[in-house]
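Engineer: Here the protein sequences come in this chain order: A and B.
Residue numbering for the first sequence follows the numbering used here, starting at 1 and increasing by one per position.
Residue numbering for the second sequence follows the numbering used here, starting at 1 and increasing by one per position.
Among the hints, a few may not be true.
For each label pair, taking beta carbons as the anchor points, the in silico distance ranges come out as [to be verified]:
#, chain 1, residue 1, chain 2, residue 2, range
1, B, Glu495, A, Pro59, 19 to 25 Å
2, A, Asn297, B, Met448, 33 to 39 Å
3, A, Pro59, B, Ser417, 54 to 60 Å
4, B, Arg29, A, Gln237, 51 to 57 Å
5, B, Glu425, A, Pro293, 30 to 36 Å
6, B, Arg327, A, Gln237, 47 to 53 Å
7, B, Leu438, A, Thr312, 54 to 60 Å
8, B, Arg418, A, Arg348, 55 to 61 Å
9, A, Ala240, B, Ala399, 53 to 59 Å
10, B, Ile445, A, Arg348, 50 to 56 Å
11, A, Ala240, B, Ser417, 54 to 60 Å
12, B, Arg327, A, Asp89, 52 to 58 Å
13, B, Glu425, A, Asp305, 48 to 54 Å
14, B, Val594, A, Ala284, 58 to 64 Å
Footprint (simulated), chain B over chain A, 3 or more residues, beta carbon under 8 Å [to be verified]:
#, stretch
15, 16-29
16, 47-61
17, 101-110
FYI, nobody ran anything at the bench for these hints, they're computed from the structure.
Think of the CB as a built atom: it goes at the ideal place given N, C-alpha and C, for glycine as much as any other residue.
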Amino acid sequence: MSNKIGKVLCVDDEPHVLRALQWLLNRNFEVHTAGSAQEGLRLLQSHDFDVVVSDQRMPEVSGVDFLQQVRHAAPRAMRILLTGYTDLDAMVRSVNESEVFRFINKPWDIKELPELIAEAARIAQADTTSQVQPEEKAAAAEIAFKHQVTTVALHCTESILLVDDNPEVHAAVNQVCGDSVQVLHAYNLVDAVRMLNEKPVSVIVSEVKVGKLDATRLVRLMKAKYPETVSVVFSDQNDAEVVMTLINQGQVYRFIPKPFKPGFIRIVLNTALKRHRELLDSPALRRRFAVEPVAENTAESLLRDVRQAVATTTPMMPQPAAATPAGAVAPAHADEGLASKLGASFRRLFGS
Amino acid sequence: MLARIFGKPSKSKEQAVHRVQSGRFRLLRYFTIAGLGAFGLTAAALAWHERGQDLFFSRVQDEQRSYVGRLQDEFARRQDEVARRDLLSVHESGNVNLTRLFANSLWERDFAPFVAKALAIPVEHCRGMPDASDAAGKTVQPPAKKACYAEAGRRIVALPEFKALDAKVYDSMKKSTVFKIKVFDLRGITVYSSEHAQVGEDKLGNAGWKSAMAGKPASELTHRGKFSAFEGVVENRDLISSYLPVLEPGSEKIVGVFEVYSDVTPFLAQIKSTSEQIRAGAARDQARLEEAARRNQQETESMSNIGLLVVMGLLALLFAVLFVIVRRAETLLRAQEAEREHSRQQLAQSEKMASLGQMVAGVAHQLNTPLAFSHNNVSLVLEQLQGIELPLQVASKFADIVRRTPGDQVVLNLTRSRTQIESCEARPEYVNPMREMLQDVLSGIHQMTELVTHLRNFTRLDRARTSEFDVNKGVATVTYIARSVIPERVRVVEEYADVPPIHCNASQLNQVFLNLINNAAQSIEGTGTITVRSSVEHGRVRVDVSDTGSGIPPEVLPKIFDNYFTTKAEGEGTGLGLTIARDIVRNHGGDIEVTTQVGKGSTFTVWLPIAGEQALPMAA
Chain A
1 MSNKIGKVLC
11 VDDEPHVLRA
21 LQWLLNRNFE
31 VHTAGSAQEG
41 LRLLQSHDFD
51 VVVSDQRMPE
61 VSGVDFLQQV
71 RHAAPRAMRI
81 LLTGYTDLDA
91 MVRSVNESEV
101 FRFINKPWDI
111 KELPELIAEA
121 ARIAQADTTS
131 QVQPEEKAAA
141 AEIAFKHQVT
151 TVALHCTESI
161 LLVDDNPEVH
171 AAVNQVCGDS
181 VQVLHAYNLV
191 DAVRMLNEKP
201 VSVIVSEVKV
211 GKLDATRLVR
221 LMKAKYPETV
231 SVVFSDQNDA
241 EVVMTLINQG
251 QVYRFIPKPF
261 KPGFIRIVLN
271 TALKRHRELL
281 DSPALRRRFA
291 VEPVAENTAE
301 SLLRDVRQAV
311 ATTTPMMPQP
321 AAATPAGAVA
331 PAHADEGLAS
341 KLGASFRRLF
351 GS
Chain B
1 MLARIFGKPS
11 KSKEQAVHRV
21 QSGRFRLLRY
31 FTIAGLGAFG
41 LTAAALAWHE
51 RGQDLFFSRV
61 QDEQRSYVGR
71 LQDEFARRQD
81 EVARRDLLSV
91 HESGNVNLTR
101 LFANSLWERD
111 FAPFVAKALA
121 IPVEHCRGMP
131 DASDAAGKTV
141 QPPAKKACYA
151 EAGRRIVALP
161 EFKALDAKVY
171 DSMKKSTVFK
181 IKVFDLRGIT
191 VYSSEHAQVG
201 EDKLGNAGWK
211 SAMAGKPASE
221 LTHRGKFSAF
231 EGVVENRDLI
241 SSYLPVLEPG
251 SEKIVGVFEV
261 YSDVTPFLAQ
271 IKSTSEQIRA
281 GAARDQARLE
291 EAARRNQQET
301 ESMSNIGLLV
311 VMGLLALLFA
321 VLFVIVRRAE
331 TLLRAQEAER
341 EHSRQQLAQS
351 EKMASLGQMV
361 AGVAHQLNTP
371 LAFSHNNVSL
381 VLEQLQGIEL
391 PLQVASKFAD
401 IVRRTPGDQV
411 VLNLTRSRTQ
421 IESCEARPEY
431 VNPMREMLQD
441 VLSGIHQMTE
451 LVTHLRNFTR
461 LDRARTSEFD
471 VNKGVATVTY
481 IARSVIPERV
491 RVVEEYADVP
501 PIHCNASQLN
511 QVFLNLINNA
521 AQSIEGTGTI
531 TVRSSVEHGR
541 VRVDVSDTGS
551 GIPPEVLPKI
561 FDNYFTTKAE
571 GEGTGLGLTI
581 ARDIVRNHGG
591 DIEVTTQVGK
601 GSTFTVWLPI
611 AGEQALPMAA
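If we strip away everything but chain A, and leave its shape as in the complex, we get (with noise of 0.2 Å):
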């Protein structure tokens, strides 16, 4: 038994799975299976698990809402989706109440599955923080908290920044902050990395695209390379590749449809920013919510879009004065200068 480096809970339907995956985690991990939900959470009662695995397609009780009573029942375990079928609204479900650490496509790979749970079996190992809370306290303590807040309160350190095109949503988000938050507001990912190079953000709300680009780009690589960064982000088109980006190699915190209701919002941003403290508290939280490797050139991608964004729609959107200052004066030197200082922007961010 010593050979072994975690415990690991596989639960699905189909029993040909459940043998394959013993088959493949048996000779590194204590693997055992269950072939319903209902036997998972029995299971749970009784063991101890590092990971917990699950098919999202199962009869009664679906693989989401098994891996959210998992986030209640074993706090501690990783929790990892595996499913065929990428059903958006089983996904986005992933995201907000099972909080689930990876999204995985069947066929999975018979390399990188062990290796993934072997990671998650490690974090979770590290984690002497997370505690089994009594059920009925979280729900508790969560309906407590949502009655009592009324508006967003930050420590003097905090700061929100929100990225989105659309000038309703920073409205909304104004309303519903007042004036007790720092928001900073960016209406394009010029300036998103123009504020985040100013000063550390503690919460990124973004929209998944911002003036027609792609901008979970900047979301991944933000919590790759800052993971006590909590990120939302809200589309209008909802794409299961997208989110399961977003879920894999984001950790996005929560993903939200539009429209959505500014008192949901206000709920969001307060829960993104406790999850915020906690990452800043808990080295071993942080490693919780740990993120695959952004794949390569996403940064430069980003810097390629954003250059060329600048370089055909100067000015952009509404921007202070002080952010170019040599705009008025000379707008092709001011273009270089902005590209320059974008390069040297990207490079001070994610440069490694």
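Given the coordinates of chain A, assemble chain B onto it according to the supplied hints.
Structural biologist: The following block gives chain B in isolation, referenced to the frame of chain A:
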């Protein structure tokens, strides 16, 4: 290619379209028939009316003309009559005066004694002679009687006073219009005549004589071709003969009768010429009237003809305009109909594609699971095979050595191979898991094969369009496929009875069953059950798809088979699924029914005729 999976819009659809067209209201044809008929009737009625008016007008004109003609004739006749009467009475009174004068001057001295003498000459014997009747039945005097009277006349003429008297009469009458004078005695015998031959004639039966004897003069207008007048024989004369009583001067006693012939030829000629003139004038007027009437008639007729032509022209124009409008309308209607049919077909196609897409996604997921564990197992086996290769080499080498060694003992020289042999970690018990893994792969392949078979059965691309079809097999296939699409929370129960084969287009029927099962799944919100059941009832195959879903509200129920009716959100359903399903089932000679209870669920029942029991209406 994908579209073919559900069977392309085939002949049955064309038939359906054709049926719709043949039952369509043929606007242009009906309008043309009805329009031409109505306009023709209108024109005919108008022509008839015009003709009636013409006839009436012509009759009125004829009546007027003949009335005026009669009036003019009557006027001319009266005028003539009055002129003649006036002539007669003027001459009569002239003759009366003449006779008075004559009597006064001649009677007392000359005629009275002469008449007295003449009276003495007997004529009774002549009167006693019988009369005869001529061919016309008229009483005439026979020649003997005439001769008797003539004899008496000769005796009178022979009287000595006769010559002087005659001369006196002749003297007084010459150069007057009086042509002849006769004197009769009271017996009616002519005692004097300026035409001597007539003396002695009997005038007893003469109406004029009788009237004169009664004291009343009688006159008569006569025309004589030849007449013996005082101054010789005259020809072609109009004469007035007056019988006038001769009164004894100083008394009212009639003593004799005069007959005076006076010539009125010029007067009468004048009267006649006046009458002629009037008649001629009347005839002229009449002719003018007729000419005018004819002209009026012509004008009226030509006017009514023109009017008729104009009205008919206008009617024709109206018809032409309406025809153009109606034809345009029909063209538009047809275009719209074609467009509707086209968009319906497109929607039907997209409906098919949607359910196809859903099915493909489900099938992909279904394939994913066996694919995943098979991939996993094969990869693991491949990995483990590497660990077995070396032990196998060692074992085969050892077997070689054993084969070469005759004795029971083998001596191995391990100087070169010890490390290699020691590194063999594989154990015989490794083989068993590998076998199990590969067995699982086999079962995974079996699952995938099953899926592919079902897919093939579902699409039936490799079969004839219509064939003998085991409904149970078909429904089972569809259920298998549908299971991959519908959520896990929905249980599907299959209950099949023995059902005879039916003749049908399996691909189309599969589409129907898939649609019904998908609908059933969508009606179930949480957990629920779909029951698929087959049976034979009333000589037909019955397939029920029941669900424990929400049921269909009564206000929705009548519309569920309608084109484009859907309860799904916009963009999710075309509203053609059930319409197409019903079309397919009906084309198979079957029918589709629904029973539902809100909150409890619905059952869709498909009835299909058993093969051979009826001719198949569709060829597709």
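Engineer: Give a verdict on every hint.
Structural biologist: Going down the list of hints, with the structure as the test:
1. Take Glu495/B and Pro59/A: their Cβ atoms lie about 20 Å apart, and the range 19 to 25 Å holds.
2. Between Asn297/A and Met448/B the Cβ separation comes to about 37 Å, which falls inside the hinted range of 33 to 39 Å.
3. In this structure the hint that Pro59/A and Ser417/B lie 54 to 60 Å apart at CB holds, the actual value being about 56 Å.
4. Distance hint for Arg29/B and Gln237/A: a CB-CB separation of about 54 Å, consistent with the stated range 51 to 57 Å.
5. Checked against the hint of 30 to 36 Å, the pair Glu425/B and Pro293/A passes, with Cβ atoms roughly 33 Å apart.
6. A C-beta distance of roughly 50 Å is found between Arg327/B and Gln237/A, which places it inside the suggested range of 47 to 53 Å.
7. As the Cβ distance of Leu438/B to Thr312/A is approximately 58 Å, the hint placing it in 54 to 60 Å holds.
8. The hinted window of 55 to 61 Å between Arg418/B and Arg348/A holds, with their beta carbons roughly 60 Å apart.
9. Distance hint check: the CB atoms of Ala240/A and Ala399/B are about 56 Å apart, consistent with the given range 53 to 59 Å.
10. Between Ile445/B and Arg348/A the Cβ separation comes to about 55 Å, which falls inside the hinted range of 50 to 56 Å.
11. One distance hint, 54 to 60 Å for the beta-carbon pair Ala240/A and Ser417/B, holds here, with the actual separation near 56 Å.
12. For Arg327/B and Asp89/A, the hinted distance range of 52 to 58 Å is satisfied, since their beta carbons lie about 55 Å from each other.
13. Distance hint check: the CB atoms of Glu425/B and Asp305/A are about 52 Å apart, consistent with the given range 48 to 54 Å.
14. Val594/B and Ala284/A have their C-beta atoms about 60 Å apart, which keeps the hinted 58 to 64 Å range intact.
15. Coverage of a stretch by a chain is defined here by at least three residues with a beta carbon nearer than 8 Å to that chain's beta carbons; for the stretch 16-29 of chain A and chain B the count is 7, and the condition holds.
16. Counting residues of the stretch 47-61 of chain A whose CB falls under 8 Å from any CB of chain B gives 4; the rule of at least 3 is met.
17. A count of 4 residues in the stretch 101-110 of chain A with a Cβ less than 8 Å from any Cβ of chain B is obtained; the coverage claim is therefore met, three being the minimum.
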